[in-house]
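Novice: If you read the sequences in order, they're chains A and B.
590 is the number that our numbering gives to position 597 of the first sequence; each next residue is one higher, with no gaps.
106 is the number that our numbering gives to position 36 of the second sequence; each next residue is one higher, with no gaps.
Please keep in mind that the hints were generated in silico from the structure rather than gathered at the bench.
Watch out, some of these pointers could steer you wrong.
Cβ-Cβ distance ranges computed for the label pairs, FRET-style [stated by the list, open to error]:
no.	chain 1	residue 1	chain 2	residue 2	range
1	B	Q415	A	S639	32 to 42 Å
2	A	E13	B	V350	19 to 29 Å
3	B	V350	A	P227	39 to 49 Å
Calculated lysine-lysine pairs in the BS3-like style (CA-CA distance at most 27 Å, straight line) [unchecked claim]:
no.	chain 1	residue 1	chain 2	residue 2
4	A	K660	A	K623
5	B	K255	A	K484
6	A	K623	A	K684
7	B	K134	B	K112
8	B	K289	A	K484
Glycine included, every Cβ here is placed at the ideal spot set by N, Cα and C.
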Amino acid sequence: MHISLQWLREFVPFQGTVQELAERLTMQGLEVEAIIDPFEAIASIVVGHVLECADHPDSDHLHVCSVDVGGPEVLQIVCGAPNVAKGQKVPVALIGTTMPGGMQIKKGKLRGVASHGMICSERELGLSEDHEGIMVLPETFAPGKLLVDALGLEREVIEVSITPNRADCLSVLGIARETALGFGLPLTMPALNLKEDASAGDANTVVRIDIADGELCPVYRARALTGVKIAKSPDWMRYRLIAIGQRPISNIVDVTNYILMELGQPLHAFDNKLLKGGVIRVAPATPDQQDGQSITTLDGQERKLLASDLLIWDGERPVALAGVMGGANSSVSDETTEVLLECAIFRPGTIRKTARRLALPSEASYRFERGVDQVGSLFALERAAQLMAEVSGARVLTGIAMAEPKPWAERSHGFRIDRCNALLGLSLTPEFCKTTLTGLGCTVDDSNAANWRVTSPPHRLDLEREVDLFEECGRVHGLDRIPAVLPRISKSLDSVQMRDTEFGFLQRLKAWAVGAGLREAINYSFVGTDDLDRLNLPVEGRITIANPLSEDQNVLRTEIAPGLLNNVRHNLAQGNASLRLFEVAKAFVEDTTSDTGARENSRLGMLVHGARHSQEWPWEQGEADYLDVKGLVENLLAHLRLGPASFILEPAHPYLEPCVRVEVAAKSGVRLVGRMGRVQPKIADAYHARKDIWLADMDADLLRELSRATKPSFKSLPKFPPVRRDVTVICPATLHAEAIEAAVLEIKPKNLESLALVAVYAPEGPADGKGERNLTFRLTYRHADRTLVDKEVDKEHGKVLSGLPQKLPVRI
Amino acid sequence: MLKSFLEGLDGLTLECEARRGQACSLKDLEALRVEFLGRKGKLAAGMGALAQMGPEDKPAAGKKANEVKNALTALLESRQAELEAEAAQDALAGFDPSLPGRRPAAGSLHPVTLAMQEICEVLTGLGFEVVAGPEVENDWNNFEALNMPPDHPARDMQDTLYVSDTVLLRTHTSPLQVRTMLSRKPPVAVIAPGKVYRRDSDITHTPMFHQIEGLLVDKNVSMADLRGTLTAFVRQLFSADTKVRFRPSFFPFTEPSAEVDISCMLCGGEGHVAGEPCRVCKKTGWVEILGCGMVDPNVFRSVGYDPEAYTGFAFGLGVERVAMLKYGIGDLRMFFENDVRFLEQFS
């Protein structure tokens, strides 16, 4: 909302600076976002006096002018405008001026004649669309004076951000009320001086108002004007509209905009000759007729209507979308001579629905949606009619055609000052509160000192409850003057929170991942359908966004992988070749049993790609592989005290190959805590990865559930020394290490404490699984109560040596 | 005889003294030791004459022989110490302390997580508990229960991503207020960190970002308590001299509502740094950091709390905003590109 200071001062005698005003309004809850000079672009244009004007010797349309711009020298300026003439006062752009369009005025020659500036048209100055000729200024203007000063243009405009509750501030009047309140100044309304012309007739004989539902339209008033002459508005009105960013159109339309901006009341002017049947009817659309129903709005667009749209009808047809936009069939044009001026109030929700559905937000609908002052609307109609008569030469018919099925009902609320002070943490006096509420336009009945009765003014639709009045008192006193006190936070013993919250556990996972040398990524929760399709993820269960910003953000991710894979693509494109990333975030799938229709599952994703270690010496070079990602998973499980885990090759997976299931034995049975594997090379290609991408996707919610059931448990340290024996097993490459370990355990050698794989030797050869490899296991034997002697270890170890080849196709 | 014996022994000392410098290694020195002090060495050879001496000369000769032995031993030992010191020197000469270490891979938290952890730490320290909730929400929890009925203009403040007519991606963490109050009786003191979503994407908006919501409900909670809590909060988060400013504003679920500015951490509220306009606060000296207010009675009604018996405050702040201010990050979009050159700056 742009407010001109000059305009504001017509309502309130504020003499301070624009900065003081901005500061005060901001601290009163009307945030001033900017202070603007709307005519900055033409601030250096000066008034010139054309002393001589001769034809250009070498052109049939150029003129060579001598122009006095107030300086010691008279400037020679070549001008092509047909209307330039000796004796005129004109706007002159001097050498070095940058015009509103960005053009720079330089010294130059036109057909051989030097020109020291430019005489400007209104369009060149951004003052109108007029480019027929140069702008001719009043003779009284003194040469050399700045044009902006000579024209009295408004130089100080504030841009105020109005919160949705303050519909009353969407006007000069509204900001003036706040200014008066803030600085203790009186508010003056413009004098009303409407002259009705009885000879022109009475509005009530021209039109009758018929409102179908007072809820949708509590009041509709219309004035009729005759003898209208459509023309450009007077300069002062045009410049004022330009100053606040409105485009002047014609006198009648400009007056409706002027009043809208000044008083916040949207108006509509019909060409009364185009209205039929002598009636204005306010009623919803009736699209149930065959082929539905539509209206062509004055922007030329045909709009399909629903029964929820409120229309203005004449005797035969819809003529406007109520509160949103007028119809093309009845709008004011250059030929208009008869005007019917509408001033009404419509139900906010109805206007909002229509404006949003048709994507047709307008200054009018914006105000109707938020609520317009029903009582004040009469003043707006009268002032608008008066201004229209003044600027268009029209005669105003006597009387107002109107219907008011639902007159404004005053609303009053209790006000307990004790409660006000308790809520705000202040000690406001009754005097202050009363002055403030009265200053806001409320009527205060304080006959009961503890519980006042406060009637709110009709322009403050937001003052609906006692607490709204508390806010007003706080706001006017200054919320910033509330003291700071630390509250005592009391808790109920029954609801004391346990330490292992979801948030806490996820933070713990993150801390572990950082320790494991992974960097945290955070991706959007939504991806594109393509991202999921690329990974062959099921279509069922996806949650799609009904109104996505773009196609690559139209579905919630069903797994953690898509985001991390997109990070691979981004990083590789930036030349970051080695990646160790993790992300803790939710995956979303449809779940009809959930109250939101979604099941949200926190996942921990880990991704390694490229060099295993830093590329710097002394690390040996090598590329991340299965053992790297598995190591991360094993380390994580150990960190959470989970296990033993099994790692089971899955026969098929949508995007991993190989894919290994990670299962953990828990009290509740064997639980699938995640999967890991290599992204299928074809899919990795799509992310421009030439090396393997290894990924683990762990179920963080399940990890939390399982790990909260575990705790560290102390075992006494062994008192007697161990005996270690190594055994090297020569086995087919297809035989898994796990199978050998299981076989050893099955043999149940006595006093075996632990078993560890210490070496793998696979002779060079084709990796087709047909070769052999050597696995060396270290078996540790220990007795809890005595030192083992070699002989008994030999005996047990011998069982292993002889037993393994019997159980498995291996040699020792 | 004694005289020549004594002179011979002195000669040994002189010779050893002269030659020990030529021993350039411990091996050379060992050879020298054997030559002089060995069983068949020069000293032993000289001592052979001792046996033939008369008893009157023997004590003096014996004493001398002992002195010479000690002197030779000392000479050789001192040379050994020299050589060892030299060897140690040589060994250190090959030691390069500037070689890169064998550094394990470094991990790092995302700056949003860093800021979020810091914020949560401060607020839990003040007595708030952390709660969590779904990101896909019902319209009722996200809007209606928060005093934003359908077709309320306040809904324009938050462009919403919808899943269906009644289900959406939460536009703020405030539905956690509703969920918490529905499941607990007052007093309540919780914070709710998490992801939120808006249908908005430009240089200063991303369609997903992070918020932290705070809610305190009890008997007699006032706006002074709110101000105290937030003052303590921003002082711990930024610095002890951070100032707080309350500006009246509007949120449908609080009444009164305020936006909170803090004194600019870059220019210290001066509005300029070394004569230049401050780029963080744009010369105002203040930086907007969060929104807050007293819980609206309508919110209490929708969760079944008695607004006459209880009052409370709520506040919400954007985590990215805090991270940008704290770490000097200029471009919001960097947060979700996950470029490792960005991420590693927060190790």
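Novice: All the hints need checking, so say for each whether the structure fits it.
Specialist: These are the hints, each one checked on the structure:
1. Q415/B to S639/A: 32 to 42 Å: holds, 40 Å
2. E13/A to V350/B: 19 to 29 Å: holds, 25 Å
3. V350/B to P227/A: 39 to 49 Å: holds, 46 Å
4. K660/A to K623/A: This hinted pair holds, its Cα atoms lying about 24 Å apart.
5. K255/B to K484/A: holds, 10 Å
6. K623/A to K684/A: Answer holds: K623/A to K684/A is near 18 Å, not above 27 Å.
7. K134/B to K112/B: Roughly 15 Å separates the two Cα atoms, so the pair holds.
8. K289/B to K484/A: holds, 12 Å
In terms of the numbered hints stated before, the structure departs from none.
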